[in-house]
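*Asks:* Please model the complete structure; the sequences and the hints are all you need to start from.
Residue numbers (the numbering used here), protein chains in the order written: chain A, 1 to 306; chain B, 1 to 525; chain C, 1 to 283.
Because the hints were derived from the structure by calculation, they are not lab data.
Among the hints, a few may not be true.
Pairs of lysine-lysine, DSS-like flavour, derived with a Cα cap of 30 Å [to be verified]: (1) B:K298 <-> B:K314; (2) B:K106 <-> B:K292; (3) A:K79 <-> B:K192; (4) B:K192 <-> A:K71; (5) B:K228 <-> B:K134; (6) B:K271 <-> A:K171; (7) B:K390 <-> C:K46; (8) B:K350 <-> A:K71; (9) A:K123 <-> C:K8; (10) C:K46 <-> B:K292; (11) B:K79 <-> B:K192; (12) B:K134 <-> A:K71; (13) B:K488 <-> C:K46; (14) B:K337 <-> B:K350.
Counterexamples of contact, computed for chain C against chain B with all Cβ distances above 10 Å [claimed, not checked]: (15) T17; (16) L35; (17) E38; (18) V91; (19) Q167; (20) Q175; (21) H178; (22) G181; (23) A182; (24) Y242; (25) I255.
Here are the computed distance ranges between Cβ atoms for each label pair [said to hold, decoys possible]: (26) B:D188 <-> A:P60: 45 to 51 Å; (27) A:L287 <-> B:P131: 45 to 51 Å; (28) A:R59 <-> C:P37: 50 to 56 Å; (29) A:K158 <-> B:Q267: 18 to 24 Å; (30) A:Q46 <-> B:P323: 35 to 41 Å.
Ideal Cβ positions, reconstructed from N, Cα and C, are used throughout, including at glycine.
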Amino acid sequence: MLRFIGKRLVQLIPTLLGVSLVIFLFVRMIPGDPARLIAGMGATAQDIALVREDLGLDRPAVQQYFSYMGKAFTGDFGKSMRTRLPVTQEIGTRFMPTVKLAVVSMIVAIALGLLAGVVAAIKRNSWLDYLSMTGALIGVSMPSFWLALMLMYLFAVKWHLLPTFGSDSWKSYVMPAVTLGVGAAASIARFTRAAMLEVLGQDFVRTARAKGLQESRVNLRHALRNALIPVLTITGLQFGFLLGGTVVVESVFAWNGIGRLLVDAVEARDYPVIQTLMLVFSLQFVLINLVVDLLYGLIDPRISYE
Amino acid sequence: MKLTTRVAAGALAIGLLTGCGSPAPSNAPQTSQPSAPKKTTAAVATAGDVVSLDPHDTNDNLSYGVENTIYEGLVGFDKEMKVIGVLAEKWEASDDAKTFTFHLRKGVKFHTGEDMNAAAVKKSFLRVADPANKLKRNSLFNTITSIDTPDDYTVVFHLKEAFGAMLYNFAHPAGKVIAPSGVDKGKDEMAKNPKYGTGPFMFKEWTANDHLTVVKNPNYWNKDAAAKVESINFKPIAESGTRVNGLKAGDLDFVLPLPGVDAQALQKDAKVKVNVAPSIYSFYMAMNVTKKPFDNIKVREALNLAIDREALRKGVLRGFADPMTSVLAPNTGFYVKQGDEIKRDVAKAKQLLQEGGYTGTEVEIWHSNATERKDIAAAIVQQLAEVGFKAKSVPMDNATLSSNLWTQDKDNNKVQLYLGGWSTSTGDADWAIRPLLYGQSAPPNGYNVGFYNNPKVNQLIEDGLKTADATKRASIYADLQKEIWQDKPWVFLYIPNNVWGTGANVEGAFVQGDGIVNYNGIYFK
Amino acid sequence: MNNQHLRKLLRPFFKRTSAVIGLAIVLFLVIVALLGPELAGNDPAKQFYDHMLEGPSRLFPLGTDQLGRDILSRLLNGAHLSLAVAAAGVVAGAVLGIPLGLTAGYFGGWWDAFVMRVMDVLLAFPGILLAIGIIAILGPGLTNVMIAIAVFGVPQFARLVRGSTLQVKSLDFVQAAHAQGAGAVRILAKHVLPNVLAPIVVMATLRTAQAILIASSLSFLGLGATPPSPEWGSMLADGRAYIETFPHVAAFPGIAIFLTVLGFNLLGDGLNDMLDPRLRRNL
Numbered sequence: 001m002l003r004f005i006g007k008r009l010v011q012l013i014p015t016l017l018g019v020s021l022v023i024f025l026f027v028r029m030i031p032g033d034p035a036r037l038i039a040g041m042g043a044t045a046q047d048i049a050l051v052r053e054d055l056g057l058d059r060p061a062v063q064q065y066f067s068y069m070g071k072a073f074t075g076d077f078g079k080s081m082r083t084r085l086p087v088t089q090e091i092g093t094r095f096m097p098t099v100k101l102a103v104v105s106m107i108v109a110i111a112l113g114l115l116a117g118v119v120a121a122i123k124r125n126s127w128l129d130y131l132s133m134t135g136a137l138i139g140v141s142m143p144s145f146w147l148a149l150m151l152m153y154l155f156a157v158k159w160h161l162l163p164t165f166g167s168d169s170w171k172s173y174v175m176p177a178v179t180l181g182v183g184a185a186a187s188i189a190r191f192t193r194a195a196m197l198e199v200l201g202q203d204f205v206r207t208a209r210a211k212g213l214q215e216s217r218v219n220l221r222h223a224l225r226n227a228l229i230p231v232l233t234i235t236g237l238q239f240g241f242l243l244g245g246t247v248v249v250e251s252v253f254a255w256n257g258i259g260r261l262l263v264d265a266v267e268a269r270d271y272p273v274i275q276t277l278m279l280v281f282s283l284q285f286v287l288i289n290l291v292v293d294l295l296y297g298l299i300d301p302r303i304s305y306e
Numbered sequence: 001m002k003l004t005t006r007v008a009a010g011a012l013a014i015g016l017l018t019g020c021g022s023p024a025p026s027n028a029p030q031t032s033q034p035s036a037p038k039k040t041t042a043a044v045a046t047a048g049d050v051v052s053l054d055p056h057d058t059n060d061n062l063s064y065g066v067e068n069t070i071y072e073g074l075v076g077f078d079k080e081m082k083v084i085g086v087l088a089e090k091w092e093a094s095d096d097a098k099t100f101t102f103h104l105r106k107g108v109k110f111h112t113g114e115d116m117n118a119a120a121v122k123k124s125f126l127r128v129a130d131p132a133n134k135l136k137r138n139s140l141f142n143t144i145t146s147i148d149t150p151d152d153y154t155v156v157f158h159l160k161e162a163f164g165a166m167l168y169n170f171a172h173p174a175g176k177v178i179a180p181s182g183v184d185k186g187k188d189e190m191a192k193n194p195k196y197g198t199g200p201f202m203f204k205e206w207t208a209n210d211h212l213t214v215v216k217n218p219n220y221w222n223k224d225a226a227a228k229v230e231s232i233n234f235k236p237i238a239e240s241g242t243r244v245n246g247l248k249a250g251d252l253d254f255v256l257p258l259p260g261v262d263a264q265a266l267q268k269d270a271k272v273k274v275n276v277a278p279s280i281y282s283f284y285m286a287m288n289v290t291k292k293p294f295d296n297i298k299v300r301e302a303l304n305l306a307i308d309r310e311a312l313r314k315g316v317l318r319g320f321a322d323p324m325t326s327v328l329a330p331n332t333g334f335y336v337k338q339g340d341e342i343k344r345d346v347a348k349a350k351q352l353l354q355e356g357g358y359t360g361t362e363v364e365i366w367h368s369n370a371t372e373r374k375d376i377a378a379a380i381v382q383q384l385a386e387v388g389f390k391a392k393s394v395p396m397d398n399a400t401l402s403s404n405l406w407t408q409d410k411d412n413n414k415v416q417l418y419l420g421g422w423s424t425s426t427g428d429a430d431w432a433i434r435p436l437l438y439g440q441s442a443p444p445n446g447y448n449v450g451f452y453n454n455p456k457v458n459q460l461i462e463d464g465l466k467t468a469d470a471t472k473r474a475s476i477y478a479d480l481q482k483e484i485w486q487d488k489p490w491v492f493l494y495i496p497n498n499v500w501g502t503g504a505n506v507e508g509a510f511v512q513g514d515g516i517v518n519y520n521g522i523y524f525k
Numbered sequence: 001m002n003n004q005h006l007r008k009l010l011r012p013f014f015k016r017t018s019a020v021i022g023l024a025i026v027l028f029l030v031i032v033a034l035l036g037p038e039l040a041g042n043d044p045a046k047q048f049y050d051h052m053l054e055g056p057s058r059l060f061p062l063g064t065d066q067l068g069r070d071i072l073s074r075l076l077n078g079a080h081l082s083l084a085v086a087a088a089g090v091v092a093g094a095v096l097g098i099p100l101g102l103t104a105g106y107f108g109g110w111w112d113a114f115v116m117r118v119m120d121v122l123l124a125f126p127g128i129l130l131a132i133g134i135i136a137i138l139g140p141g142l143t144n145v146m147i148a149i150a151v152f153g154v155p156q157f158a159r160l161v162r163g164s165t166l167q168v169k170s171l172d173f174v175q176a177a178h179a180q181g182a183g184a185v186r187i188l189a190k191h192v193l194p195n196v197l198a199p200i201v202v203m204a205t206l207r208t209a210q211a212i213l214i215a216s217s218l219s220f221l222g223l224g225a226t227p228p229s230p231e232w233g234s235m236l237a238d239g240r241a242y243i244e245t246f247p248h249v250a251a252f253p254g255i256a257i258f259l260t261v262l263g264f265n266l267l268g269d270g271l272n273d274m275l276d277p278r279l280r281r282n283l
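*Replies:* Shown next as structure tokens:
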């Protein structure tokens, strides 16, 4: 298993290099001149030339790439073109707020999703099933900005129970985490239900039942455990999305996270920030996937790592 | 320069007033008693984060608004965009518009404790005037060849060539005076640690995209204009709906901009005040006059007659805009009214289109992807269709738009119609017209995206720069406005209002015509 | 497949009322998408300046939006656009993603590592950046939004299918087929695919909904369909400015999207019951 982890971590290097190159080329294919954007409207051609020189954008692209990657290996990711702050600082201050929000949201999502999915599967075609699945449908069909604005209107404007924005106390987490969690919970619930139903029909579950094992024990010990594989996949995916896809919620609740930073950086064509953020996102994804793959083996011993 | 940067402001209660839900419902009435401690912190929310805090290296209204609490210039603008003295008590220009002399106010100290005197002013302006420093606002001051300091409180600027509008450049938000110790610091330090001003507030801290705090300057030179709150907290909030909700919930006290529909709804809300002021932002649609069919003035006139401006102002903008009556907005220097708002005349427009040889080809309207722009564009497309002119709305994100518009020269630029606006951050007629309609301002050198090149207009623009004499300039700009109004390089549209919301008890802060907020006088009633 | 077989196959589907309702909703949507422009009373782009932001009335059964456009006519005209977005989110993802996931999971080894690392790169590429990039390079418009959403879907299918394939591969009947010398293509098509179909179908139906919502989020960020296109997601995003003041502007496109999602999901559940061999045995 250690060898497996080691191998995956080694595979990480080409992935990251691939990402860095693809991104470097991709962001430069997008129309838009950062020097002009940073110089601002009303800047003269001369102002823009000064900014371009200052940012090192007058050098050939190949040279820019190697100089960026060369420094990156020493931990220096350059300075944001827009704010002149070191990229590590720009990302550093926003990384934890996003991770914290994603983790809290994921806990909400897993708790709600698993519960609803298992209950719906066991009590198939009962009112509980319909209720959970209708809830899940509402969850997946509601755009997050919509839910966020509705929650804000009710809990902040109307009832003054929660702050409209910010990330200062646990109260600030409630609305963003619910907004993000509900969407993910809905997906998890539906997958859990589908997977549970599938497993419940399999021979070993019927055998267990035939042996006279207690129903709840059958459901949890045998069925849920075997149903967890697809559920785990979707949960990993959802968690990845939460980490990278919180833009909308971060925008609405003025949450100082990396999702919003990415959008701002792309709008400003702030190359160093975009490139470094992409490396962070890929690293996250690969690590989450690694953990998911490891968990596959833990849950189902029949899956080997090779 | 442009007013696209939306500035929003507001104040956080910081638990002083409402405590955000902590009191039990039975206690609730107590919190609204007048005996509640008065707020001393105005935590202001902005639509985006501050980009820089170095006035010489700033080019967005949002950052300027924050810088204006910390830094001051020799001269500045009042509410009506008239030039007033700040660190200079009086000033004069030579007749040839090549020498500008300022007499400084005495007894002013920087936040660092240094004296504000002629040497400090000289050092500060040499910084921004030197291209080697690569500062974004260098072009406003690079005509300065030398600075004399005949005594401690007199500064004389010598210019390379006549520049009649120079006083307005000094009043520009980038014309700030920075303490000598700050000038010695590098650009990076200045961008994030602005401790070198003379203003009513002093910089305290800035966590990128989280908050920025300025505190009252207890030794401010002007006792009458000293800060009335202990501190201001700036909080970036990107989503308009959140700012409006924050205002309604009492978490914010100042929101700019306020979308028209929200402004209308909030006018009925007793806890909130809706403020409206004229802007100096001209909103127009530029036509590429080098391309068919816009090379024909009849087509340009037809498009002007096709637009129902009242429907745009009253309908789409919910009444928060004024008619456009010249290429300049009424509060811009040297504005002269050219007539009433152009009225719609469908029959005449159709006739002119025919006479102008319009063949029915579809034309693209380029514009930014901001919600309001998209709505205006959709309305214009329909109005043009009603006179038989086929247009298509093409929204782009700002980076793509600016790259497509401003980087390509006449032969390569694909623009046909561009829907946008401009406000002159110097408040003067020159910078409201020259970048947009001067022959030599065509991209990539400037913003004349219609590639308009009228010799008469070019000559008048040049004449206007050669003198600092206000009467002479007034007559030149009157002729200039007349010529442009008749030749119609643009579809003239309207002058949007600045609309902002404040808590019912918030006073003293206002939005200037150019869209920059002046927070200095903010207080709670 | 003879008639009896078909009936046997379809029975579990039609036994579920909810599945039938789902099918009905989807059929209804398809009809609306095909006939919508004919049914609409007004031009979806026509602005009635005297009737801006009006609630439902006899003239405008679902009210008007911020430009005085007839919301019902816009919904009817936008149905085929939103269905196209939904289809783009599923079809491209499935066509490319399923074979990649199957082969990666079944063969393992370097092919698995390669495919999954490429998928990692794609997944790590946040959809928003991808969308901004694609739209900036190809120009604004619904087609390019659809391309962005389609590209975004491939790795999701691939990962899910691979995970399930890993599990199915070790089951007895697959091992048995392998032992009997069946070819890889045959095993994948005959034994593995039918057994991983259930999560794929659920995923596909969820993706239809997701696709419309992604289009809506892109509109939220100013990158969606170009005006005056009545794509539902962009109508919903534009309506958010009026959530409190004029809720009908966002509510009706919201309901339309909800019904679409509901329809596809109920249909998906029905298909799930129908296609899953083990589940069928259990009924």
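*Asks:* Indicate, hint by hint, whether the structure satisfies it.
*Replies:* Okay, the hints, checked on the actual structure:
Note on K298 of chain B and K314 of chain B: the hinted pairing holds, with a Cα-Cα distance of about 28 Å set against a maximum of 30 Å. Annotation: proposed proximity of K106 of chain B to K292 of chain B is violated, straight-line Cα distance about 60 Å (limit 30 Å). Under the criterion of a C-alpha separation no larger than 30 Å, the hint pairing K79 of chain A with K192 of chain B is consistent with the structure, at around 13 Å. Between the alpha carbons of K192 of chain B and K71 of chain A the distance comes to roughly 24 Å, so the proposed pair stays at or under 30 Å and holds.
Taken as a hint, the K228 of chain B and K134 of chain B pair is broken in the structure, with Cα atoms around 37 Å apart against an allowance of 30 Å. Distance hint between K271 of chain B and K171 of chain A is fulfilled; the C-alpha atoms sit about 24 Å from each other, no more than 30 Å. Proximity of K390 of chain B to K46 of chain C is assessed by CA-CA distance (about 14 Å); at most 30 Å being required, the pair is judged to hold. Straight-line distance between C-alpha atoms of K350 of chain B and K71 of chain A comes to about 63 Å, which puts the hinted pair past the 30 Å bound.
Pair hint K123 of chain A plus K8 of chain C holds up; C-alpha atoms about 25 Å apart against a cutoff of 30 Å. Using a Cα cut-off of 30 Å, the hinted pair K46 of chain C and K292 of chain B holds, with the two alpha carbons roughly 28 Å apart. This hinted pair checks out: K79 of chain B and K192 of chain B have alpha carbons roughly 28 Å apart, not beyond 30 Å. This hinted pair checks out: K134 of chain B and K71 of chain A have alpha carbons roughly 24 Å apart, not beyond 30 Å.
This hinted pair checks out: K488 of chain B and K46 of chain C have alpha carbons roughly 28 Å apart, not beyond 30 Å. Between K337 of chain B and K350 of chain B the CA atoms are separated by roughly 27 Å; this keeps the pair inside 30 Å, and the hint holds. The claim that T17 of chain C lies off the interface holds: its Cβ sits roughly 39 Å from the closest Cβ of chain B, which is beyond the 10 Å cut-off. Look at L35 of chain C: its CB is around 25 Å from the nearest CB on chain B, clear of 10 Å, so calling it non-interface holds up.
Once the 10 Å rule is applied to beta carbons, E38 of chain C is consistent with being away from chain B; the minimum gap is 21 Å. The claim that V91 of chain C lies off the interface holds: its Cβ sits roughly 27 Å from the closest Cβ of chain B, which is beyond the 10 Å cut-off. Residue-level check passed: Q167 of chain C sits 42 Å from the nearest beta carbon of chain B, beyond 10 Å. Under the 10 Å C-beta cut-off, the non-interface status given to Q175 of chain C relative to chain B holds; the minimum distance is some 54 Å.
A cut-off of 10 Å between C-beta atoms confirms that H178 of chain C is not in contact with chain B; the least separation is 52 Å. The claim that G181 of chain C lies off the interface holds: its Cβ sits roughly 57 Å from the closest Cβ of chain B, which is beyond the 10 Å cut-off. Against the 10 Å criterion, A182 of chain C stays outside the reach of chain B, whose nearest CB is about 53 Å from its own CB. Remark: the non-interface label on Y242 of chain C conflicts with the geometry, its nearest Cβ contact in chain B lying 6 Å away (cut-off 10 Å).
Chain B leaves I255 of chain C outside its interface by the beta-carbon criterion, the shortest separation being 20 Å against a cut-off of 10 Å. Distance hint for D188 of chain B and P60 of chain A: a CB-CB separation of about 26 Å, inconsistent with the stated range 45 to 51 Å. Range check, L287 of chain A to P131 of chain B: Cβ separation about 47 Å, and the 45 to 51 Å hint holds. In this structure the hint that R59 of chain A and P37 of chain C lie 50 to 56 Å apart at CB holds, the actual value being about 53 Å.
At roughly 19 Å, the beta-carbon separation of K158 of chain A and Q267 of chain B lies within the given 18 to 24 Å, and the hint holds. At about 36 Å, the beta-carbon gap between Q46 of chain A and P323 of chain B stays in the expected band of 35 to 41 Å.
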